[in-house]
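Protein chains: 2
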Amino acid sequence: MSTHAPIRRLAVVGLGLIGGSLARALRAAGAVGSISGFDTDAEQVRQAQTLGVIDIAAASAEQAVKGADVVLVAVPVLATGAALRACAPALTPEMILTDVGSTKQSVLAAAREVFGEVPPRFVPGHPIAGTEKSGVAHSLADLFRGHRVILTPHQRQDAAAQEQVAWLWQAAGARVVTMEPQRHDQIFAATSHLPHLLAYSFVDMLGRLEGAEADLFPNAGGGFRDFTRIASSSPRMWHDILRANAQPVAELLRRQIAELQELHQLIEEQRWDALLGIFERARATRERHLARIE
Amino acid sequence: MSTHAPIRRLAVVGLGLIGGSLARALRAAGAVGSISGFDTDAEQVRQAQTLGVIDIAAASAEQAVKGADVVLVAVPVLATGAALRACAPALTPEMILTDVGSTKQSVLAAAREVFGEVPPRFVPGHPIAGTEKSGVAHSLADLFRGHRVILTPHQRQDAAAQEQVAWLWQAAGARVVTMEPQRHDQIFAATSHLPHLLAYSFVDMLGRLEGAEADLFPNAGGGFRDFTRIASSSPRMWHDILRANAQPVAELLRRQIAELQELHQLIEEQRWDALLGIFERARATRERHLARIE
Numbered sequence: 056m057s058t059h060a061p062i063r064r065l066a067v068v069g070l071g072l073i074g075g076s077l078a079r080a081l082r083a084a085g086a087v088g089s090i091s092g093f094d095t096d097a098e099q100v101r102q103a104q105t106l107g108v109i110d111i112a113a114a115s116a117e118q119a120v121k122g123a124d125v126v127l128v129a130v131p132v133l134a135t136g137a138a139l140r141a142c143a144p145a146l147t148p149e150m151i152l153t154d155v156g157s158t159k160q161s162v163l164a165a166a167r168e169v170f171g172e173v174p175p176r177f178v179p180g181h182p183i184a185g186t187e188k189s190g191v192a193h194s195l196a197d198l199f200r201g202h203r204v205i206l207t208p209h210q211r212q213d214a215a216a217q218e219q220v221a222w223l224w225q226a227a228g229a230r231v232v233t234m235e236p237q238r239h240d241q242i243f244a245a246t247s248h249l250p251h252l253l254a255y256s257f258v259d260m261l262g263r264l265e266g267a268e269a270d271l272f273p274n275a276g277g278g279f280r281d282f283t284r285i286a287s288s289s290p291r292m293w294h295d296i297l298r299a300n301a302q303p304v305a306e307l308l309r310r311q312i313a314e315l316q317e318l319h320q321l322i323e324e325q326r327w328d329a330l331l332g333i334f335e336r337a338r339a340t341r342e343r344h345l346a347r348i349e
Numbered sequence: 056m057s058t059h060a061p062i063r064r065l066a067v068v069g070l071g072l073i074g075g076s077l078a079r080a081l082r083a084a085g086a087v088g089s090i091s092g093f094d095t096d097a098e099q100v101r102q103a104q105t106l107g108v109i110d111i112a113a114a115s116a117e118q119a120v121k122g123a124d125v126v127l128v129a130v131p132v133l134a135t136g137a138a139l140r141a142c143a144p145a146l147t148p149e150m151i152l153t154d155v156g157s158t159k160q161s162v163l164a165a166a167r168e169v170f171g172e173v174p175p176r177f178v179p180g181h182p183i184a185g186t187e188k189s190g191v192a193h194s195l196a197d198l199f200r201g202h203r204v205i206l207t208p209h210q211r212q213d214a215a216a217q218e219q220v221a222w223l224w225q226a227a228g229a230r231v232v233t234m235e236p237q238r239h240d241q242i243f244a245a246t247s248h249l250p251h252l253l254a255y256s257f258v259d260m261l262g263r264l265e266g267a268e269a270d271l272f273p274n275a276g277g278g279f280r281d282f283t284r285i286a287s288s289s290p291r292m293w294h295d296i297l298r299a300n301a302q303p304v305a306e307l308l309r310r311q312i313a314e315l316q317e318l319h320q321l322i323e324e325q326r327w328d329a330l331l332g333i334f335e336r337a338r339a340t341r342e343r344h345l346a347r348i349e
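Going down the list, the sequences are from chains R and C.
Mapped onto our numbering, the consecutive letters of the first sequence carry residue numbers 56 to 349.
Mapped onto our numbering, the consecutive letters of the second sequence carry residue numbers 56 to 349.
So here's chain R without its partners, still in its complex pose (with noise of 0.2 Å):
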């Protein structure tokens, strides 16, 4: 028997952007035979019927994932504890789980605390792509085309069921990589996580200096337009994730800080060569990276 068999009924549990986005692209592919959804918002519910983003509007968690053959598990980061939990009553060992967080170490902290150990037939999973839209009218079929799902396989990780959520993202049109859950977390720390952090710093600081409205940002072009964009990102989301990682983060806040302060100290004993200098392995290191980065 393939592992790689389509899914009969797919359940998705929180129906967002990226919920409502791989159910479009199962769909689109013939992947799927039908979609159940729950989302703790009604509206959202509401949308995904009349959209047909789901055929079955389910009442509760537990409701959506009766009878299913794969339940995807798509919530704020922080919520995972207890959409399982509330999936919990209706799972059996047959069904194949997946989730979609930023965060990999807490899923995994929270399937523990919810089945005792992490199921096996339980498959981590990160896809890395969105927009700065939220919710399941702007999901899109082909939001995950070409961009890489990160699968962060534990322990106790059963191969079929890990074989065929790779599947089902490469039916999305999407590129599987497999890592450990811990330097999921250090990698994310730092390529994404840490530059929210630092984006949000810098437009709160600019926001609150004097002319801020008057004639400061009114100057801003097309350069503090790029390297803020991700400061429009939502605040409630980067906190679930900044606070589901923190150790990280603030490991790699610490080193920031650490090195901003050796350029103010350069800036302040003039010694420009040393200044200079960063600046030119800083663009060697992004030119040499510039080509990979998707």
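These are computed hints drawn from the structure, not numbers from a lab.
Treat the hints loosely; a few may be bogus.
Note that identical chains are pooled: a pair holds if it fits in a single copy or bridges any two copies.
As the list claims (entries may be wrong) - Think about it this way: if two alpha-carbon atoms lie no more than 25 Å apart in a straight line, the pair counts; the simulated SDA-like pairs of lysine to any residue are:
#1 LYS188 to GLY278
#2 LYS188 to ARG310
#3 LYS188 to GLN316
#4 LYS188 to MET234
#5 LYS188 to GLY277
#6 LYS121 to GLY266
#7 LYS121 to ALA83
#8 LYS121 to ARG298
#9 LYS188 to GLY332
#10 LYS121 to TRP222
#11 LYS188 to ARG336
We have chain R; now place chain C onto it with these hints.
Positioned in the frame of chain R, the structure of chain C alone reads:
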């Protein structure tokens, strides 16, 4: 007599992206009779002539300036003093002199040093436009179209010269605003110089983490790409700008470090609501001003 007479002879001292683009724009607008040009890099002069950006390839700044009615100095900002000194022997009191430097107090200080006091017909300017590319070969006639140009008139400013320079930039499609040199330098320290410093520092810090090459940069996404784009700018140019505007940048960097230390403490103390509050304030600030960013 109109103060907005077309230019009979424009001299461009410094044939890079900005000098070349303004020459092209004024020619395209029919605003200039002929253009002489000089650069300390002979290859730029050769290319400028081959590309038709200039009519007369001068062998020195002095020769380029001779007989011009408007002189544009478009060199890296720390080279402004040397360029003004090189032009000086051929400058007459009637000639209009302007520049494009990213910091204005340093340019006025350089003019004071070369000429004893700032010449009345010297009009300091700063176009808010550019690309990551440099050199006359990348110059474009429409580089300034729809962009701002800031003039920072000084205490001895000749009003007719200022009007003529404003007209010249308008002929190139730009919107001209004026502000105090000191305020200009504060504003750009905040909206441009500090973010460049932060972006360089962030990329440099990441580049020195373990696994940077192997799996860190390869997993960076679109948010990372935009946040770090300005770290691909010319290190030499930004070294010049930071050096020329060191005091305001150092003061803002000190504030930024203090705010990041505050964020670090919030994370350590698990004061998540306070962190969320900062994210919300930052997002609201950016959204309020987003529409105004070119």
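Hint-by-hint comparison with the structure:
In this assembly of identical chains, LYS188 and GLY278 lie within 25 Å of each other by CA distance both inside one copy and across copies; the values are 22 Å within and 14 Å between. When the C-alpha separation of LYS188 and ARG310 is checked against a cutoff of 25 Å, the pair qualifies neither within a copy, at 31 Å, nor between copies, at 31 Å. Proximity of LYS188 and GLN316 under a CA criterion of 25 Å is satisfied in neither setting, with 35 Å inside one chain copy and 30 Å between copies. Taking CA atoms no more than 25 Å apart as the test, LYS188 paired with MET234 passes in neither setting, with 28 Å inside one copy and 37 Å between copies.
Proximity of LYS188 and GLY277 under a CA criterion of 25 Å is satisfied in both settings, with 21 Å inside one chain copy and 15 Å between copies. Proximity of LYS121 to GLY266 under the C-alpha cut-off of 25 Å is found in neither arrangement, the shortest distances being 58 Å within a copy and 43 Å between copies. Taking the shortest Cα distances, LYS121 and ALA83 sit within 25 Å of each other inside one copy (23 Å), while across copies they are farther apart (70 Å). In this assembly of identical chains, the alpha carbons of LYS121 and ARG298 never lie at most 25 Å apart, being 32 Å within a copy and 65 Å across copies at closest.
In this assembly of identical chains, LYS188 and GLY332 lie within 25 Å of each other by CA distance solely across copies; the values are 20 Å between and 39 Å within a copy. Proximity of LYS121 to TRP222 under the C-alpha cut-off of 25 Å is restricted to the intra-copy arrangement: shortest distance 22 Å within a copy versus 72 Å between copies. Proximity of LYS188 to ARG336 under the C-alpha cut-off of 25 Å is restricted to the inter-copy arrangement: shortest distance 18 Å between copies versus 35 Å within a copy.
Consistency note: the structure conflicts with the earlier hints numbered 2, 3, 4, 6, 8.
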